[in-house]
Amino acid sequence: MLEVKNLYKEFNNRPILKDISFTLKDGEIMTIVGPSGAGKTTLLRIIAGLETKDSGEILIDSQAYDSGKVGVVFQDYNLFPNLNVLQNITLAPTMVLKESKEEANKKAYELLNRLQMNGREKQYPYELSGGQKQRVAIARALAMKPRILCYDEPTSALDPNLRKEVEKMILGLKKSGLTQLIITHDLQFAENVADQMLKVQPLSEG
Amino acid sequence: MSLKYIGEILPALFNGATMTLSIFFWTIILATPLGILVSLGEMSKIKPIKWLVNFYVWIMRGTPLLLQLIFVFYGLPIIHIVFPRYQAALLAFVLNYAAYFAEIFRGGFQSIDKGQFEAAKVLRLNRWQTMTQIVIPQVIKIVLPSIGNEVINLVKDSSLVYVIGLGDLLRAGNVAMARDVTLIPLVLVGVIYLLLISICAFVLKKLEKYFSYYR
Numbered sequence: 005m006l007e008v009k010n011l012y013k014e015f016n017n018r019p020i021l022k023d024i025s026f027t028l029k030d031g032e033i034m035t036i037v038g039p040s041g042a043g044k045t046t047l048l049r050i051i052a053g054l055e056t057k058d059s060g061e062i063l064i065d066s067q068a069y070d071s072g073k074v075g076v077v078f079q080d081y082n083l084f085p086n087l088n089v090l091q092n093i094t095l096a097p098t099m100v101l102k103e104s105k106e107e108a109n110k111k112a113y114e115l116l117n118r119l120q121m122n123g124r125e126k127q128y129p130y131e132l133s134g135g136q137k138q139r140v141a142i143a144r145a146l147a148m149k150p151r152i153l154c155y156d157e158p159t160s161a162l163d164p165n166l167r168k169e170v171e172k173m174i175l176g177l178k179k180s181g182l183t184q185l186i187i188t189h190d191l192q193f194a195e196n197v198a199d200q201m202l203k204v205q206p207l208s209e210g
Numbered sequence: 003m004s005l006k007y008i009g010e011i012l013p014a015l016f017n018g019a020t021m022t023l024s025i026f027f028w029t030i031i032l033a034t035p036l037g038i039l040v041s042l043g044e045m046s047k048i049k050p051i052k053w054l055v056n057f058y059v060w061i062m063r064g065t066p067l068l069l070q071l072i073f074v075f076y077g078l079p080i081i082h083i084v085f086p087r088y089q090a091a092l093l094a095f096v097l098n099y100a101a102y103f104a105e106i107f108r109g110g111f112q113s114i115d116k117g118q119f120e121a122a123k124v125l126r127l128n129r130w131q132t133m134t135q136i137v138i139p140q141v142i143k144i145v146l147p148s149i150g151n152e153v154i155n156l157v158k159d160s161s162l163v164y165v166i167g168l169g170d171l172l173r174a175g176n177v178a179m180a181r182d183v184t185l186i187p188l189v190l191v192g193v194i195y196l197l198l199i200s201i202c203a204f205v206l207k208k209l210e211k212y213f214s215y216y217r
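These protein sequence lines are chains A and B, in that order. Following our numbering, the residues of the first sequence are numbered contiguously, the last one being 210. Following our numbering, the residues of the second sequence are numbered contiguously, the last one being 217.
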């Protein structure tokens, strides 16, 4: 369970996020929607540990926040171009979680299977389409066993007709018990997958 | 042009070429890691380190290598810092080339997308793992063509050690020319440089090809 309480963030004395509070229960999907400039991405970056908050509280399972429990699927995926699909997924589990190579490979194959990406283990990111890169990014994040998986605009870089595919995939991951937090400006998509929606608006200046 | 004469002077030229190659290899081996360190210094958030390193690069790139060589070997002894010839040459070359390498590596590091560092961070890779597994492999691919240019320059620049009296390839040719009053040694010296540089270019091309497995 992810709890965010009275989160506040400013850049150069200009408030970006104010009084953001929500609770995301295990196994649920929450979407955060709003126009660009509303601080959605900043909120995700704070939850991912890439940005500091100015005040407020973030708890995971009622414990002090630990960025290691959050996985992130970036808007442009940020796969490592010098590593193939399998290496992208197994790098962190072997180096950080100290899993054996066999164990990490086995898990990676399972994840790729689940995401219908089998057979692409030895391909490099440049050989993949946007949708395929996204699946690899999801597998890479899941291999670190996060409590919560965050997505930054998962539909924005994809063909419109792939949106349904992403919906199906995200709902499929939900069935397996994954807790997901999704930043999007695509309202239709957000409504289709969300158990809970949070709307953020740009804060007026002054 | 007699083959017999060529046969007579070739050993001396090859002997000189080993000095040229020795300067060449040791400069690359020492200047590359130093260049990476200096480039990290250039990007350091600690201001004094940044200033110091920028000053060093400014001096090394802003003055002739020939002056630096003369300074180290003939100049420093005046203030009682004495290096033997070979060490003096190597010191000047390593310091000079590290500065050029540093600028190239800095460009390489800065062209790595910020997203790569962020992805590594959320995967909890530490700084060392991020650098060695993700950043440096990508930087090498990016800088390879520019480093290749410098490497080829280095083969030719190594002939500057002539001025401090080291017996390199050029000196061997010059000695033979003056002694025998013939152009042949200088032509041969040119041919040997061409050969060395062609080998370098070939190896660099192979390396670039190796790194083309991804984009």
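What the hints contain is simulated information worked out from the structure, not anything from laboratory work. Beta carbons are placed, not taken as given, at the ideal position from N, Cα and C, and that holds for glycine. Watch out, some of these pointers could steer you wrong.
Claimed, not checked - Heads up, incomplete: computed chain A residues facing chain B, CB under 10 Å, no partners named:
(1) A52
(2) Q79
(3) N82
(4) P85
(5) L87
(6) N88
(7) V100
(8) Y128
(9) P129
(10) E131
(11) S133
(12) Q136
(13) C154
Stated by the list, open to error - Think about it this way: if two alpha-carbon atoms lie no more than 25 Å apart in a straight line, the pair counts; the simulated BS3-like pairs of lysine-lysine are:
(14) B:K123 - A:K149
(15) A:K168 - A:K203
(16) B:K47 - A:K57
(17) B:K143 - A:K111
(18) A:K126 - B:K211
(19) A:K102 - B:K211
(20) B:K143 - A:K126
Comparing the hints with the structure gives:
With 10 Å as the threshold, the beta carbon of A:A52 comes within range of chain B, its nearest partner Cβ sitting at about 5 Å, so the hint holds. The interface hint given for A:Q79 holds, since its Cβ lies 9 Å from the closest Cβ of chain B, which is under the 10 Å cut-off. A hinted interface residue such as A:N82 counts as satisfied when its beta carbon comes closer than 10 Å to some beta carbon of chain B; here the least separation is about 4 Å, so the hint holds. Interface hint status for A:P85: upheld, as the beta-carbon distance to the closest one in chain B is roughly 5 Å, under 10 Å.
Residue-level restraint check for A:L87 holds (minimum Cβ-Cβ distance to chain B is 8 Å; threshold 10 Å). Proximity of A:N88 to chain B holds as hinted, the smallest CB-CB distance being about 8 Å (cut-off 10 Å). Interface hint at A:V100: satisfied, since its Cβ lies 5 Å from the closest Cβ of chain B, which is below the 10 Å cut-off. At its closest, the beta carbon of A:Y128 sits 4 Å from a beta carbon of chain B; the interface hint therefore holds under the 10 Å criterion.
At its closest, the beta carbon of A:P129 sits 7 Å from a beta carbon of chain B; the interface hint therefore holds under the 10 Å criterion. Among the interface hints, the one on A:E131 holds; its C-beta lies about 9 Å from the nearest C-beta in chain B, closer than the 10 Å criterion. The interface hint given for A:S133 is broken, as the beta carbon of that residue sits about 15 Å from the closest beta carbon of chain B, more than 10 Å. For A:Q136, the interface hint is violated, the least distance from its beta-carbon to any beta-carbon of chain B being 15 Å, above 10 Å.
Given the 10 Å rule on beta carbons, the hint for A:C154 holds: about 9 Å separates it from the nearest Cβ of chain B. For the hint pairing B:K123 with A:K149, the CA-to-CA distance comes to about 15 Å; that is within 25 Å, so the pair holds. At roughly 22 Å between alpha-carbon atoms, A:K168 and A:K203 fall within 25 Å of each other, so this suggested pair holds. For a cut-off of 25 Å, the pair hint linking B:K47 to A:K57 stands: about 22 Å separates their Cα positions.
With a C-alpha separation of about 30 Å, the suggested pairing of B:K143 with A:K111 is violated against the 25 Å cut-off. Distance restraint check for A:K126 and B:K211: the Cα-Cα separation of roughly 19 Å lies within the 25 Å cut-off, and the hinted pair is therefore satisfied. A threshold of 25 Å between alpha carbons decides the hint, and for A:K102 with B:K211 the separation of about 33 Å lies outside it, so the pair is violated. For the suggested pair B:K143 and A:K126, the alpha carbons sit about 20 Å apart, so the restraint of at most 25 Å is met.
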